[in-house]
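Protein chains: 2
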Amino acid sequence: MVTKNELKKAKSLHQKKYRIQENSFFVEGEKSIKEFLASPLELKVLYSEQLEVFGAIKKGVSITSNELKYISALTHPSGHFAIFSLPEPQNVSFNDFLVGLDSVRDPGNLGTIIRLCDWFGIRDLVCSKDTVDCFNPKVVQSSMGSLSRVGVHYVDFDNFLATCPVPVLGADMHGTSIYETSIPKQGIWVLGNEANGLSEATKKRLSQTLSIPRYGNTQQTESLNVATATAILLSETRRKAASEM
Amino acid sequence: MVTKNELKKAKSLHQKKYRIQENSFFVEGEKSIKEFLASPLELKVLYSEQLEVFGAIKKGVSITSNELKYISALTHPSGHFAIFSLPEPQNVSFNDFLVGLDSVRDPGNLGTIIRLCDWFGIRDLVCSKDTVDCFNPKVVQSSMGSLSRVGVHYVDFDNFLATCPVPVLGADMHGTSIYETSIPKQGIWVLGNEANGLSEATKKRLSQTLSIPRYGNTQQTESLNVATATAILLSETRRKAASEM
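Respectively, the protein sequence lines represent chains G and D. Our numbering puts the first residue of the first sequence at 1, with every later residue one more than the last. Our numbering puts the first residue of the second sequence at 1, with every later residue one more than the last.
It should be emphasised that the hints constitute simulated quantities derived from the structure, not laboratory data. Keep in mind the model is a prediction, meaning the values are calculated, not measured. A couple of the hints might just be wrong.
Treat identical chains as interchangeable: a pair holds within one or across any two.
Unchecked claim - Here are the computed lysine to aspartate or glutamate pairs in the EDC-like style, where the Cα-Cα straight-line distance is at most 20 Å:
1. K11 x D133
2. K31 x E194
3. K138 x E194
4. K138 x D106
5. K58 x E88
6. K240 x E180
7. K9 x E67
If we strip away everything but chain G, and leave its shape as in the complex, we get (with noise of 0.2 Å):
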């Protein structure tokens, strides 16, 4: 049984505010939940239609679907709500390259790329505080379970960069091709906001900046969107240095 008051306070966790001041999370979805399961990330309660799905399972609630159609931000439920508290602050490691988000505002975009350092194997990912929070449920969503396995720290950027002890690379339309140059073993790379791309004040703090080559025949093409940027520069960024081993 679940009272009124655990479905407000469950639902409540949609917001930032009430985030931070209950420290948790929420996480839907079998698939996606499993993952943080299976993270260091500490349960506080996992609300489901088919308990039996997650095996023998501490803190499991059965919740009818009507109650979870209030509880979801999903406009489909999936039968799963599990809530989370959110991690621990930790070090960023400078042994690797890493990736650093200026302003980046879409939920979706954030949730592609926390899903691309995962798979090109990017522990953190710095952001500046006003890039969206990587606990919104709909980057939840569009992470999947990516995000209990990358450090996502929220930083006083421009300060950051200026004490940041690894070259710090942007990509605009001006700089030399990413194919023809050769990209530092530690490294990150800083992306900038959907609309603007990088500010000037991070623009001040880049040692290199590159170019993704643009092959139209027309110079109309708009830029890239940011996430389908970051893949290619870290695949490209991986197979360099896969290349010069």
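Please build the complex by placing chain D on the supplied structure of chain G, with the hints as guidance.
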């Protein structure tokens, strides 16, 4: 002055069946509209709150902000709404690389892929008939004008691949690394549905199966999103072609 009937007709273009019936689709936003105006497509009518931003334009009609709100597909209408004729079907050219989509359903993914094709100079995008319609308002919106420069063809996909004169390339987890294999100069990259990947029928048509290497140290990472996978495949295809010239 816009009549009620005209507004109703404009709004009906949100739906595919009326786009086909009226042989029309619409574009919103000053920048996108200007890109379509520079394309060979025929403008039928341009509704705008500020016609002057388009210079001396025939077929411009002033519209109020409330009327625009009624016909717009956007939560925050851009102030401009242009209706164009659907393009005439064109032939597919096999002289350069193509992209093929097998049942891609998400409008944002298709829009992003159209933008990528434009960036990488891919002129033809071939789609299975159950791929989302490229004149869907969300696709037009997320392709940001690139749709005016990329030919999108809806075909019997299996039949198309069966008779396709160039190599058919697919990516999955088990193929040879794209970084370590040569990629032909001509061919078609096929990408599959968001949830299920390539269909069994399409898999049988592949001449080569390649993979995007994964660097994460777990085996749990979800497959890449279809648009980010396209980004990496096209980038690597163009990089290899340039380095082998």
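Hint check results:
{"no.": "1", "hint": "K11 x D133", "in the structure": "within (17 Å within a copy, 35 Å between copies)"}
{"no.": "2", "hint": "K31 x E194", "in the structure": "between (29 Å within a copy, 15 Å between copies)"}
{"no.": "3", "hint": "K138 x E194", "in the structure": "both (17 Å within a copy, 17 Å between copies)"}
{"no.": "4", "hint": "K138 x D106", "in the structure": "both (9 Å within a copy, 15 Å between copies)"}
{"no.": "5", "hint": "K58 x E88", "in the structure": "neither (22 Å within a copy, 61 Å between copies)"}
{"no.": "6", "hint": "K240 x E180", "in the structure": "both (10 Å within a copy, 11 Å between copies)"}
{"no.": "7", "hint": "K9 x E67", "in the structure": "within (12 Å within a copy, 41 Å between copies)"}
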